[in-house]
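Peer 1: The chain contents come next:
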Amino acid sequence: MTVLLTILAVAVSVLFVLPAVWMLFGSLAPGNSVISNVSPLSWHTLIPRKWTLSNYRELFGALGFLRPMFNSLFVTFASVAIGLALSAPAAYALAVVRFRGREVIFSLLVIGFMIPFEAIAIPLAHVFTDWNLDNTYVALILPGIGNGLAIFNMRQSFLGVPASLREAAVIDGASDFRILSRIYIPLNGTTMINSGLLIFMGQWTAYLWPLLIVSSDSKQIAAVALARTYTSSLFDFGQLFAAALVISIVPAVVLFVLQRHFSISIATSGER
Amino acid sequence: MEKVPVKTNRAGEAAPGASPSKRTRGSRMARSQLRTAVIFLAPAVLAIALLRLLPFGEAVWDTLFKSEGFGVLAEEKFAGLENYVTLFTDVSFLQTLGRTVVFNLIINPLQIALAMAVSVLMTRKMFGRGLWRTAVFLPSTIPLVGSSVAWGIALRPDGPVNALLGLFGIGSQPFFTSSHQALASIILVASWIGIGHWMIFLIGGLNSVNQELYEAASIDGANGWRTFWSLTVPLMRRPLLFVLVADTVANFVLFVPMQMLTNGGPENSTTVLMFDVYQRTYTFSEPHIGAAATVVLTVIMIIIVSIQFRLLGERDK
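Protein chains in written order, with the working numbering: chain S, 9 to 280; chain G, 1201 to 1517.
Here chain S stands alone, though its shape is the one from the complex (with noise of 0.2 Å):
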């Protein structure tokens, strides 16, 4: 039965796994010999003949991608930055101060949201154009920064801080900003780390939102530079692979490096 089951995995993971290994060979392959070598199918429809790096110097070089993979890196570090400083006060609001309103305010907050972004790009883009703030840096952070299920995790996860630390620090003369950053966050490690992560998977694979606020090149960020290359006609399937690859990989190194604390709670919260 193991052994049946091993299998079965096997081939589920070959199924998921072969097309990104594709693509990671293609950018390997010189050129189009991508497509050229799919008829006869054989090996060297996967594997390339011949092996080369031309891809990955054509992309940072000639075709500068290097300076949208810089815009996409920086947008998203900020996002996270800002987004955690936002989010992290509001959540301690809404876990342990009391005050009137404060479910409305909650309810709020997590709703709006939680409702997709991309609902509301196309008039958010036109407020945004009309305060000149269309090609900025600005415009492409703002958005990035609220995130209803960020918010939503932490305040669960602060709620389970025993009430009594915060109570000894409020007799100890501790200013609210001090508990929430030395006492709330450090024992919510995990939560902040996955929260961070929410707002930099919107981020990195945001698209809908850069392609109507920047219409310079020098300000675009890699997911768009990348599509409008695959949608230009005069395009080579081995650069097009590696632009592919290099912005897939940044979030598989964050994921990877931050598996250890990476616990998805939200569909389990409460459970325990």
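There's no promise every hint is true.
What the hints assert, rightly or not - Ranges of calculated distance between the beta carbons of each label pair, as one might list FRET restraints:
| no. | chain 1 | residue 1 | chain 2 | residue 2 | range |
| --- | --- | --- | --- | --- | --- |
| 1 | G | A1317 | S | D225 | 42 to 50 Å |
| 2 | G | P1374 | S | W139 | 40 to 48 Å |
| 3 | G | E1276 | S | T144 | 43 to 51 Å |
| 4 | S | L23 | G | L1246 | 45 to 53 Å |
| 5 | G | F1327 | S | Y145 | 46 to 54 Å |
| 6 | S | L74 | G | S1430 | 35 to 43 Å |
| 7 | S | L23 | G | V1301 | 26 to 34 Å |
| 8 | S | M9 | G | H1380 | 37 to 45 Å |
| 9 | G | S1485 | S | Y145 | 24 to 32 Å |
| 10 | S | M9 | G | G1366 | 51 to 59 Å |
| 11 | G | S1227 | S | A182 | 17 to 25 Å |
| 12 | G | V1499 | S | D225 | 35 to 43 Å |
Stated by the list, open to error - Among the chain S residues that face chain G by a calculated CB cut under 7 Å, a handful are:
| no. | residue |
| --- | --- |
| 13 | A19 |
| 14 | M122 |
| 15 | W139 |
Hints were generated in silico from the structure; no laboratory data involved.
Quick caveat, the model's predicted, so the values are computed rather than measured.
No residue lacks a Cβ here, since even glycine has one placed at the ideal position from N, Cα and C.
Fit chain G to the given chain S structure using the hints.
Peer 2: Okay, now just chain G, sitting in the frame of chain S:
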């Protein structure tokens, strides 16, 4: 402030029966709590107002007007609900709505059923389980643009998928260029990265199911299929419902493959609501009708998210 613990209830107000001086102190604490709440919540509330409420309001406002005339001579005129009437009497919009619903009725159950099947498989005892799990999860780190590029090339007439089909004697398929196959091909693009993503949530749920229940079921002689339907599925109700709603929200605004691969075609077969809003606003330059479609989309999303919020809210208790 004196370092004397004050007996307060959780609302930070003085406990009933406290002396008058303590009550004053309680209200002072309540005031300071309110100040903290305002300062801590202001940036998030401001963000929601600026990034969600304002554009939604802007969209609603836009739907009440129409442009008359052309180019620079165009005049904005109050139109009442005319744009909505135009939209809902437009056969192609009604078709788009229907297509969006059908698309979601197919892609969401499909992705969740496959994610569930893979999750159950990947939580069984086997050799090298972590490795196979990682393999299925790996594509979910690829942005949709990457998946679109890969499948856009893989499904070309001269691409490897058609070469493989040829091996089984199946003729070359048009995929993205056929009005019958384009939407199904987009489901493939989205599901390659989607299944691994939802799998992670479901594996989390499966791992928190009490294993003793399975032992009890096997002692009672329940077979695998029966155990799955009468034990696993009911116990997984919450994670499954969460994944269903979150997946529906994500697929309702699916945009990248339509914009990159099919441009809503062929014969509008991949024009779903989100792409329709984009197309009406930018390609057809009908911003007021586009705004009305935005309002329709946003209202549907608010309904779905409210359901999700209720679901998540249950966990508070």
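Peer 1: Could you run down the list of hints and mark each one as holding or not?
Peer 2: Here is how each hint holds up against the structure:
1. Restraint check, A1317/G to D225/S: a C-beta distance of roughly 44 Å satisfies the suggested window 42 to 50 Å.
2. Restraint check, P1374/G to W139/S: a C-beta distance of roughly 45 Å satisfies the suggested window 40 to 48 Å.
3. As the Cβ distance of E1276/G to T144/S is approximately 27 Å, the hint placing it in 43 to 51 Å is violated.
4. A hinted range of 45 to 53 Å for the beta carbons of L23/S and L1246/G is consistent with their spacing of about 46 Å.
5. Distance hint check for F1327/G and Y145/S: the Cβ-Cβ separation is about 48 Å, which falls inside the suggested range of 46 to 54 Å.
6. The hinted window of 35 to 43 Å between L74/S and S1430/G is violated, with their beta carbons roughly 56 Å apart.
7. Here the CB-CB span from L23/S to V1301/G is close to 29 Å, well matched to the stated 26 to 34 Å.
8. Distance hint check: the CB atoms of M9/S and H1380/G are about 41 Å apart, consistent with the given range 37 to 45 Å.
9. The beta-carbon spacing between S1485/G and Y145/S, approximately 29 Å, falls within the hinted interval of 24 to 32 Å.
10. For the hinted restraint 51 to 59 Å between M9/S and G1366/G, the CB-CB distance of approximately 36 Å leaves it violated.
11. In this structure the hint that S1227/G and A182/S lie 17 to 25 Å apart at CB holds, the actual value being about 21 Å.
12. For V1499/G paired with D225/S, a C-beta distance near 36 Å keeps the hint of 35 to 43 Å intact.
13. Because the closest C-beta pair between A19/S and chain G is about 10 Å apart, greater than 7 Å, the hint is violated.
14. Taking 7 Å as the C-beta contact cut-off toward chain G, the hint placing M122/S at the interface holds, the least distance being around 5 Å.
15. The beta carbon of W139/S is not positioned within 7 Å of any beta carbon in chain G (closest approach about 10 Å), and the interface hint is therefore violated.
When each numbered hint is compared with the structure, violations occur for hints 3, 6, 10, 13, 15.
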